[in-house]
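J.: Residue numbers (this note's numbering), protein chains in the order written: chain A, 1 to 232; chain B, 1 to 523.
Calculated from the structure, these hints are not laboratory results.
Predicted model, so just to flag it, every value in this text is computed and none were measured.
Backbone N, C-alpha and C fix where the C-beta goes; we use that ideal spot for every residue, glycine too.
You may find that some hints are simply not true.
Calculated Cβ distances over 12 Å to all of chain B for the following chain A residues [claimed, not checked]:
id	residue
1	D90
2	R148
3	R177
So the derived label-pair ranges between C-beta atoms look like this [said to hold, decoys possible]:
id	chain 1	residue 1	chain 2	residue 2	range
4	A	K166	B	H10	45 to 53 Å
5	A	Q61	B	L285	28 to 36 Å
6	A	L164	B	R454	21 to 29 Å
7	A	P50	B	L316	44 to 52 Å
8	A	E205	B	R454	31 to 39 Å
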Amino acid sequence: MLELDDLTVSYPDFTGRYSLVVPKGALCAVIGPSGGGKTTMLHAIAGFEPVVSGRLAFEGQNLGPLPPAARPCSLLFQDNNLFPHLSAADNVALGLKPSLSLNGAEKAVVAEALAAVDLADEARRLPSELSGGQRQRVALARALAMRRPLLLLDEPFGALDPGLRKAMIGLTDRLRRERRLTVLMTIHTPAEIIDAADLVAFVAEGEVRDAGAPADLLRKGRSETMDAFLGL
Amino acid sequence: MGRAASLMPHPGLLAAGLIAALVAASLAGLSQAGGAAGLSAGSLPYLAGVVRGAALQAALSTLLSLLLGTALALALARRAAFPGRSALIAIITAAAVAPTIVVVFGMVAAFGRGGPLATLAGFAGLPAPPAIYGLHGIVTAHVVMNAPLVARVMLGAFASIPAERARLAEALRFGALDCLRHLDGPVIRREWPGLAAFIFLACFTSFAVVLTLGGGPANATLEVAIYQALRLDVDFARAAAIALLQIALALLFVAGFGLTGARLPDAPGQGRMHPRPDRAGPSLLILDVAVIGLSALLIGPVMLSVLAGLGRLDALASPEVREAAAVSLVLASCAAIMSVGLALLLASAAEAAPLGRASPARRRLVDLSTLALLGLPPFALVTGLFVLMRGSFSLTGAGFVLVPLVNALMALPFVYRLLAPPLRQSAERHGRLAASLGLTGIARLRIVAWPVLRRPLAAALALAAALSLGDFGVIALFGGGDLITLPYLMAERMGAYRIDEAGAIALALVAVAVGLAYAADKV
Numbered sequence: 001m002l003e004l005d006d007l008t009v010s011y012p013d014f015t016g017r018y019s020l021v022v023p024k025g026a027l028c029a030v031i032g033p034s035g036g037g038k039t040t041m042l043h044a045i046a047g048f049e050p051v052v053s054g055r056l057a058f059e060g061q062n063l064g065p066l067p068p069a070a071r072p073c074s075l076l077f078q079d080n081n082l083f084p085h086l087s088a089a090d091n092v093a094l095g096l097k098p099s100l101s102l103n104g105a106e107k108a109v110v111a112e113a114l115a116a117v118d119l120a121d122e123a124r125r126l127p128s129e130l131s132g133g134q135r136q137r138v139a140l141a142r143a144l145a146m147r148r149p150l151l152l153l154d155e156p157f158g159a160l161d162p163g164l165r166k167a168m169i170g171l172t173d174r175l176r177r178e179r180r181l182t183v184l185m186t187i188h189t190p191a192e193i194i195d196a197a198d199l200v201a202f203v204a205e206g207e208v209r210d211a212g213a214p215a216d217l218l219r220k221g222r223s224e225t226m227d228a229f230l231g232l
Numbered sequence: 001m002g003r004a005a006s007l008m009p010h011p012g013l014l015a016a017g018l019i020a021a022l023v024a025a026s027l028a029g030l031s032q033a034g035g036a037a038g039l040s041a042g043s044l045p046y047l048a049g050v051v052r053g054a055a056l057q058a059a060l061s062t063l064l065s066l067l068l069g070t071a072l073a074l075a076l077a078r079r080a081a082f083p084g085r086s087a088l089i090a091i092i093t094a095a096a097v098a099p100t101i102v103v104v105f106g107m108v109a110a111f112g113r114g115g116p117l118a119t120l121a122g123f124a125g126l127p128a129p130p131a132i133y134g135l136h137g138i139v140t141a142h143v144v145m146n147a148p149l150v151a152r153v154m155l156g157a158f159a160s161i162p163a164e165r166a167r168l169a170e171a172l173r174f175g176a177l178d179c180l181r182h183l184d185g186p187v188i189r190r191e192w193p194g195l196a197a198f199i200f201l202a203c204f205t206s207f208a209v210v211l212t213l214g215g216g217p218a219n220a221t222l223e224v225a226i227y228q229a230l231r232l233d234v235d236f237a238r239a240a241a242i243a244l245l246q247i248a249l250a251l252l253f254v255a256g257f258g259l260t261g262a263r264l265p266d267a268p269g270q271g272r273m274h275p276r277p278d279r280a281g282p283s284l285l286i287l288d289v290a291v292i293g294l295s296a297l298l299i300g301p302v303m304l305s306v307l308a309g310l311g312r313l314d315a316l317a318s319p320e321v322r323e324a325a326a327v328s329l330v331l332a333s334c335a336a337i338m339s340v341g342l343a344l345l346l347a348s349a350a351e352a353a354p355l356g357r358a359s360p361a362r363r364r365l366v367d368l369s370t371l372a373l374l375g376l377p378p379f380a381l382v383t384g385l386f387v388l389m390r391g392s393f394s395l396t397g398a399g400f401v402l403v404p405l406v407n408a409l410m411a412l413p414f415v416y417r418l419l420a421p422p423l424r425q426s427a428e429r430h431g432r433l434a435a436s437l438g439l440t441g442i443a444r445l446r447i448v449a450w451p452v453l454r455r456p457l458a459a460a461l462a463l464a465a466a467l468s469l470g471d472f473g474v475i476a477l478f479g480g481g482d483l484i485t486l487p488y489l490m491a492e493r494m495g496a497y498r499i500d501e502a503g504a505i506a507l508a509l510v511a512v513a514v515g516l517a518y519a520a521d522k523v
């Protein structure tokens with residue numbers, strides 16, 4: 001279980017104060033208006049934002065004092081997830097050893113992760129030789145290879161066309177079920193994730209304003225702010 | 001009307017034709033004045049030696065400038081806050097824009113026999129440091145001039161590494177070597193070829209530094225050989241032949257560089273900047289302190305030596321200095337306007353596209369042609385043109401026309417590099433929209449290009465003016481009488497051992513150059 005208890009991030013122009021509970025193995029869709037603090041929340045969980053106060057725990061372990069590399073999470077961005085001079089396989093291998101000097105077992109892990117995202121045949125290709133969807137699948141493969149139980153996706157499929165986006169959400173959902181991953185995914189169009197998500201968190205003005213099951217949260221009349229955001 | 005418009009050549013092509021015609025006229029003038037003698041067989045071994053020596057000197061200068069400048073940029077990127085960081089960056093900026101003659105002055109003042117280094121050695125009872133004249137002096141001066149430029153460019157390039165990638169590096173436990181390999185390596189591979197080509201050409205054709213610090217013909221460049229042929233031997237044909245040789249070598253070099261291709265920068269990152277993951281760790285801290293210390297010791301004394309001029313600021317009020325300042329200002333303004341105008345025309349010709357999308361091959365050709373201008377020997381160019389004009393103009397009168405013209409051409413590669421990328425970006429973003437709306441000419445310039453060009457244009461004007469203001473090249477041929485610029489006057493004062501007055505002029509030149517750079521940055 002992931003717990004955010006009044007987790008506070010403060011900047012001169014922005015303050016985020018987040019409280020949220022996500023059960024283990026759940027897929028939580030994080031929605032809300034642009035600039036509302038969704039990305040800041042994910043970055044705070046990953047350890048990239050200085051937390052002023054509050055508590056952050058995963059499976060009972062306090063993550064607050066841990067540096068990003070020691071946290072049990074992988075973070076995928078919308079862009080720049082891959083190093084452009086490295087092949088797909090090397091980009092995945094970075095998750096295991098930055099020196100890229102892998103032994104046989106580690107190479108097998110890389111191959112298995114690429115196979116899991118249907119990219120076994122593209123292992124030697126550079127990012128510039130891959131499509132947008134394939135690039136994000138390589139980043140997903142790296143997260144799988146790292147075997148961290150908490151997957152944070154910061155609008156990683158936002159630049160893809162709708163069909164591909166749907167396929168990527170389906171792939172993410174399948175992988176999290178197979179590997180018992182807890183997933184937080186920010187998304188702009190809630191309708192695309194309504195079938196896969198167990199939980200939806202609505203973030204606005206630096207707070208989790210509302211959270212609940214998709215069918216419950218995304219109905220008309222839940223709140224004025226939510227209705228305005230959904231255009232209902 | 002459409003047919004008439006399609007028959008009309010692009011103004012940029014006319015500008016390119018004008019530059020080519022000037023070069024051709026100059027070479028014709030040189031050959032005509034000197035007859036067909038050209039190079040004698042006896043001078044070939046000497047010239048081969050000059051080319052070999054200049055290439056070695058330029059390669060050494062380039063390598064050391066790239067290494068020191070990049071190491072300094074990395075150290076400054078890793079150490080975002082330390083006492084004196086702002087002062088060091090100010091000194092680097094001043095050194096990057098300082099006129100060559102000022103750097104020469106600073107080298108002599110800081111590292112010469114009467115400089116603080118020699119004085120300290122004397123106090124400590126140590127042997128005096130070696131004289132600064134010779135290959136090591138030239139290379140050191142070139143490094144002092146170019147390493148700061150590399151540091152400024154690379155600091156900006158490292159800052160453009162997407163924040164996401166820095167976060168990823170931290171999450172993946174990147175060590176110092178991993179950061180160098182995966183974060184900085186691609187940036188270095190992208191930036192170094194262009195910087196190396198530029199620095200190599202600048203050092204290969206160096207004049208003022210080689211003439212003053214060369215210590216004899218053993219370290220001459222072709223530029224100095226042309227100067228000697230013109231000024232000492234008055235052998236126009238020889239100057240023309242050497243000029244042709246230099247142009248051929250520069251074109252060969254630029255063509256070779258053109259084959260390396262260009263690399264695209266990364267997609268811009270999102271979110272707040274993230275500190276570099278290799279900022280912690282004692283070994284890199286020691287390395288960074290050493291690099292920053294070495295840079296400060298090398299560049300600092302040269303730039304700070306101009307502060308000696310503070311004691312003789314009254315010298316700036318003399319009528320000679322005021323007149324030289326006025327002449328410099330007029331010449332620099334004319335050169336800046338001409339250079340920016342030509343660069344703008346060439347850059348817009350590179351982007352001209354009837355169907356809204358420019359041809360990459362044409363862009364590359366224009367890019368490389370402007371870079372090739374760096375290889376043009378200004379002395380040969382200006383002398384050839386003077387030969388054609390001498391029936392109608394006095395030496396001074398011709399100088400008033402030719403000095404700003406040649407300064408404008410010499411500044412063109414730099415100015416073009418400032419103006420072409422934003423114009424290209426605007427063409428890529430809005431070219432098809434502009435074409436579909438029928439926007440052409442002034443309307444297209446005002447609506448599509450002006451918003452992205454405003455700042456670079458100011459920077460380009462300031463840079464061209466600063467380069468012309470500090471030029472001590474062709475003015476060495478035409479200077480005297482009514483045509484005395486500040487660098488010319490400064491060189492005269494140095495020659496007459498009026499070092500304090502030379503220092504005051506150097507200080508004024510650096511202050512104006514830094515002021516122009518600062519103003520351009522703030523527009």
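J.: Determine for every hint whether it applies to the structure shown.
T.: These are the hints, each one checked on the structure:
no.	hint	result
1	D90	violated (9 Å)
2	R148	violated (9 Å)
3	R177	holds (24 Å)
4	K166/A to H10/B: 45 to 53 Å	holds (48 Å)
5	Q61/A to L285/B: 28 to 36 Å	holds (32 Å)
6	L164/A to R454/B: 21 to 29 Å	violated (39 Å)
7	P50/A to L316/B: 44 to 52 Å	holds (51 Å)
8	E205/A to R454/B: 31 to 39 Å	holds (36 Å)
Going through the hint list in order, the structure does not satisfy hints 1, 2 and 6.
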